[in-house]
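Heads up, the sequence shown is in our numbering, so the first residue is 1292 and it goes up one at a time.
Worth flagging that the hints you see were computed from the coordinates, not collected in a lab. Watch out, some of these pointers could steer you wrong.
To be verified - Taking lysine to aspartate or glutamate pairs in the DMTMM-like style, the calculated list, with each CA pair at most 20 Å apart, reads:
id, residue 1, residue 2
1, Lys1407, Asp1420
2, Lys1467, Asp1412
3, Lys1467, Asp1484
4, Lys1407, Asp1484
5, Lys1407, Asp1472
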Amino acid sequence: MNKVFHKRRLFGKRFGKVNPGVVISLVILAGFIICGIFAPFIAPYSPTNINLGDALKPPAFQAGGDVHYPLGTDRLGRDVLSRIIFGARVSLQVAAIGVVASGIIGLTLGVISGYKGGWIDIIIQRAVDIMLGLPMILIAMVLAIIFGASILNVAFVLIIIFWATFARQSRAETLKLRNLDFVTLARTSGTSDFIIILRHIVPNVMGSMLVLATLNVGATITLEATLSFLGAGIPPPAPSWGLMTADGRDMVVTAWWLSFMPGVAISLVVLACNVFGDWLRDRLDPKLRTI
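Take the sequences, apply the hints, and build the full model.
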């Protein structure tokens, strides 16, 4: 009983002191995830429903607005709020596939590279150096154009780009761990490399991988929106935030809400991911804790 209480007390000390910025970021991320999962039940209208009679209506709080369209409509009469809600689903799908897959690939290659060393380490790290040295946006555009525009293809592009960051970080963590006493003891006792990596290396690397994944969610959303804005991402009429921003760029003065509203959504989610990722890093890194 005392051990359970002690663990709860440590957990409360480590994660209980949360500043208001983190709380706000968690609320934003929770809303983002809820909108992404339950978009058909939350959105008041279909994101692709065209109603030319209500085209370019301003937000409800502006003169000439309609309470039925709180954030206004686009040039085809589609509800901006509904498209933003469904856009969260697109961004959530792309971020989930891209971050999870790139994290698994990068973690696997990075741990193998750091633990085995030798020519395996050289080959993997040269591939990492090449990927990190290339211009991200240019490579993403080229790959998106080659593979075509779709959610899966954009996610595939993000996997190709982001695996290297996970590989670099996991390799650095593995280099610190492979010569520690508990790993050396397991090796001298005859434990196979696979079991050592699975039981001793990977669990100790997962903390930094989780932080990096949280930060990369914002990066993947930004990159997806950039590709869609440039016409190399999610194809229309899908309600991508980047595509919505691009649709309103030539009407910024007369219909400012077309680009402003999805731009605010992108900014809030990316900022929330970064704030939460920084807090999580501080909580999981023993060098940054004061308890």
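Honestly, which of those hints from before does the structure not fit?
none
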